[in-house]
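Single-letter residue listing:
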Amino acid sequence: MTEVTTLPDWTAIAPALALLGTAFVLLLADMIDPDDSNGTALTGISVTGGLVALGFALWYLLAGTGQPGASQEPTEGAIELFGDALVVDGMSLFFSVIITSVVVLVALASHEYLREHPYQAEYYSLVLLASTGMVMVTAANSFVTAFISIELVSLPSYALVASLKTNEGSVEGGLKYFLIGALSSAIFAYGIALVYVATGSLQFGAVEIAIADGVGFDSLLGLGMLMILGGIAFKIAAVPFHFWAPDAYEGAPAPISAFISSASKAAGFVLGFRVFVDVFGTATGVFDWVDAFLILSIVTMTIANFTALKQDNVKRILAYSSVAHAGYILIALAAFTGSVEGEISILGAGMAHLFVYGFMNTGAFLFIALAEYWDVGRTVEDYHGLGNRAPFACAAMTVFLFSLAGLPIGGGFFSKFYLLFATVTGGQELLGAALIINSVVSLFYYTRIVRAIWIEEPGEDLEPGEYPTGLYAAIAVAALATILLIPAFGFVIEYAEIAARMIGG
Amino acid sequence: MADLFVLALAIALPFLAAVFAPLLYRLLGETVGYVGAVVAAVCFALLLTQVGAEGTVSTPWIPSMDVAFRFTVDAFGLLFALLASGIGILIFAYAREYMHGKPDLGRFYMALLAFMGSILGVALAADLVALFLFWELTSVCSFVLIGYYTDDAESRYSARMAMVITVGGGLCLLVGILLIAVGAESVGLAPFDLAAILANRGAVADAMRAQGVFLPALALVAVAAAAKSAQVPLYVWLPGAMVAPTPVSAFLHSATMVKVGVYALGRLRPLFHGPEWMALVATLGMVTMTVGALLAVLATDIKELLAYSTASHLGLMVAAFGFESHYGAEAGAFHLFNHALFKATLFLVAGIVAHEAGTRAIDDLGGLREDLPITAGITVLAALSMAGIPPFNGFYSKEILFEAAWEAAVHGGGLLWLYPATAVFASVFTVLYSLRFLWLFFGPRPDGLGPVHRAPLGLLAPPAVLAVAVAAVSVVPGVAIDLLVDDAASATAVSHVEIHAGIPTSLSGPVVMSAITIAVGVAAFPFYDRIRASLERVRAATTLVHPTVGYDALLSATDRASGLVGRSVHNGLIRTYVWWVLLSACVLTVAGYATATTGLPTPAVAETPVALVLVLAVAVVAAVAVTTADSHVTGVLTLGILGFMVAIFYILASGADLALTQLVVETLLLLIFLLVLEELPAYYGEIDLLRAARDGALSVAVGATAFVSVLYAAPDGAGAPTPTASFFTNNAIPEGGGANIVNVILTDFRAFDTLGESIVIVLAALSVLVLLTMRDRGETQ
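Quick mapping for you: the protein sequence lines, in order, are chains A and B.
As numbered in our numbering, residues 1 to 505 make up the first sequence, in order.
As numbered in our numbering, residues 1 to 781 make up the second sequence, in order.
None of these hints come from the bench; they were simulated from the model.
A hint or two may mislead.
[To be verified] Have a look at the derived ranges for each label pair, beta carbon to beta carbon:
hint : chain 1 : residue 1 : chain 2 : residue 2 : range
1    : B       : E686      : A       : E116      : 44 to 54 Å
2    : A       : D312      : B       : P373      : 35 to 45 Å
3    : B       : V742      : A       : G83       : 26 to 36 Å
4    : A       : T282      : B       : L9        : 52 to 62 Å
These numbers were taken from a predicted model, which means no experiment stands behind them.
For every residue, glycine included, the Cβ atom is placed at its ideal position computed from N, Cα and C.
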């Protein structure tokens, strides 16, 4: 008989610990010679830390940690830690993989981007602290841990957006992000307080039970749920709490835009899935959050896509595209039917879209980082003829954009397909129609960038200069992942559905 | 039996070649065109080995949804795949010569190869998801190829229009597919397994009818096919697509890509077969056939003529597949084959003419038979086939269409007689424009036409090969029919199919139709210019209903909407943002209340003491006075009145400690306000009335929402206190020794929390102190 040794339970949050540890190692390393930071070493430490966290998350996910064993029900098997304040289950690991992958790409790409940045160690450690927060959000199992983790994501993000201290756009974006973020945090905290008043608990499981038993304060609970919805809508940049997004993404250093728009959004969604499907799943009678998400989803994608049409700044176009994608993914909550099987396929579709989105959107923003590195300018006109100068990066960008549009050149095709399938099987014709119309509208601005890159003649002779290795590597990895997600999509959706089953079943 | 390896290789090979095309172009230069031809030839040979095979092979892809790489081999798919790869060989060879000296050929061949792979994928896919995937890929490749000529504004407009219409149509197909999948799933089939769905088409169709998705699915598939195959009113992108290089036009926009829609209709025909199908699809096809032919007569450019003619012939195929009888299937499959042969030939001829004569304007061309004798010979074969003159192959398939239309009319009677009438009417114009195209070679030579060179062999050989194929099919149609076409038609039919191709020997309705068509067409040809002029007047009179007008109007409306959203919502001012955030939060909240089950409790006005009402009334008056205050200081002081009224309210409601807190906070706020106001300008300038109204409306909305929320969320006062409340009331004096419960909680029951909070405040104060002392140190780096 072989002895199976299992790691102690606390090791289940190893991804978060790895990220946190790396953040401190970075600060320590910087203390050796604070006035002269060695960019390569700092990038190396960050990427290594990110890879270790990614490795843990992937290993756990594939090894079935926190997931139902062969003899268990599909909803069992989650590892609950620290008095049930944290939970490691299929969903938290699935999202940890997304977040850590984005961190690795962003850290890698920041190497050249930050070449003249005076505070590199601080920059990297803030990135890693924010990602620690994101991984904690995925594992939050009580409103307290959720709120603290969200703040741990938000505060470094404000600083990171404004980290180009001499750039007006960066500071303005950071300030707007902070002001609206503070408002949203207050709303979120107030919502939590109201839910606590109504149910007498902050732990997700206990709140769920209290709601199932019936609470005496339906109206307070409903108002609390609405405010929590607002807090989450801010994190995922959904209308009407999305106003910070275009300004912050535009002003922030491009790798940070990539980081916030991909990883931070994923963290917001994981909380939305867990809180609304798992905790408030039976409370639709108190406050009909499904209809609220339905409205938010349609309004978000429509407003974002229509605004993106007229933009000239490429980064801003992608920012609106990122808002639009929040609208698409909200379908996972808006098409919630209450039936177990339908729910799983819908939630699974949303999670899979976030997975693919993590690569394609990060890649697209990293391409902008490359363009900013070369100082080619920010508008669509400035991108004219880039295809002849940097064919490889531009081919990768084309893949990202077409995949974002849902064309079959990247995994975005399948995840959008699944979202649409979810609306059809869930009988949500309105959502399906909105998704279709918006996909067509979005083609206009995605193809506009593709056209600018490949088809238009360059205005003046632009010389791209040297080819930054780290940025190129990150873009290449993201492009490869985006393309490979077409044949490998079955794998992603399988794990997404395991995760969905655990919270939705 | 079908061989998965062979099929997968045939589809994957062009994609692999596409990946390496830019590299090969660097190594080999323009010779890479021949590499493309070789790849096409290998695919063609691989597919030839499958002729006669039948069956479906698959390998799992997304197991949880039963999506698989599933390929099926049957005559219809093979016919389409062989046409694509066969014509592909010639196109690549032709492009080698035609594209000589053009820039960015690596990218050009990459897209062309990827396109060929996609089209083979469409033809062989037996999985609805895979079908859709390849379908959309053809649109993407087409976008890249249409946009190839970079300097041209028209080229950009067209590329985008083609992309938007075909991809948008593709999304309709997607929804159609999903509806079919819903039907298939409910009868226990794998949802996306096309082969299984077609095998059980009766059950699936019944299930779809039962769920009410049959007609929507049918309509969506028809719209998708119409977008891809340039049917009315979505044909507008096709003439625009003609800005692409001629090999692309010949390959994508006549022989293959545009037929994908027709192909899908043929594929799904057995599933949707029925009267609704005929009413929609046959009518769509007939209208397109007519409109396309009329527009072709109006064309002033040879490629434009061919483009509209393609739309018209696609309409013919769509109409054929629309008819219920077995003639429909025969005509559709056979014309798919014939049209690919003669139209690709004509496009390549058009390329030669444009290349050698330097113009494509119809009125500037003529008498080319002297300069291009071989080309003229090729054109005679292909143009007469296009016109449907016996004994050319185009005649055979058109004759079967006439039979299908006749059959439908005889069976249905009444209005259905419009089908044969329309078919004849459209075909007359087909004869007219075909003869006009031929006239480029045999008409008089215009004076303005410069010297025309002989075409090089590289350009001449591909159309010549195709012309030989046209001739061969014309002379011995039986060979092609027996080999593939007959079986292909069977795959799209629900009843027995047997194609007869030949010169009719006895008089019948369809024969009379053919006779009228040809006689009127030839007789009217001398008056071509006059006909064209009167059609031009019709066109000018109907400008408003042209689809391009609709497309442009839609575009500019979208553009305006985008601008409006940008200006009013996303103008970069944080005050606008806050306005929208608050407004939508209010709307969401109120909507939440509106849908909630519990009603709104009414406030107990009668029981409220008069003193309370008076105090609150003063507070309201103060609030109104704040908005009309003429200076900041007055405003702030008036606001103070409001705060003190609230404090009095607390006292009256026996909350003395709360009132004290309120008074302290209010005084502090007043001081801070006054300190800040000293630094601000006294006067900001005139306020915009509109903005004031907007902000006023918002404040009313926010106030109303807060009011309703309080009413809604307030406990009704009945019911016993909660266990927590009872605990504190019972234990405040014995455990904490204080009569004020709030104070006891803060200093006794929750003393540790208070201590913690105090520490936080001390820490914050220390940090502020540090920041203040260090503020002049500046940056260290």
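Hints violated by the structure (listed by number, smallest first): Of the numbered hints given earlier, the structure breaks just one, which is hint 2.
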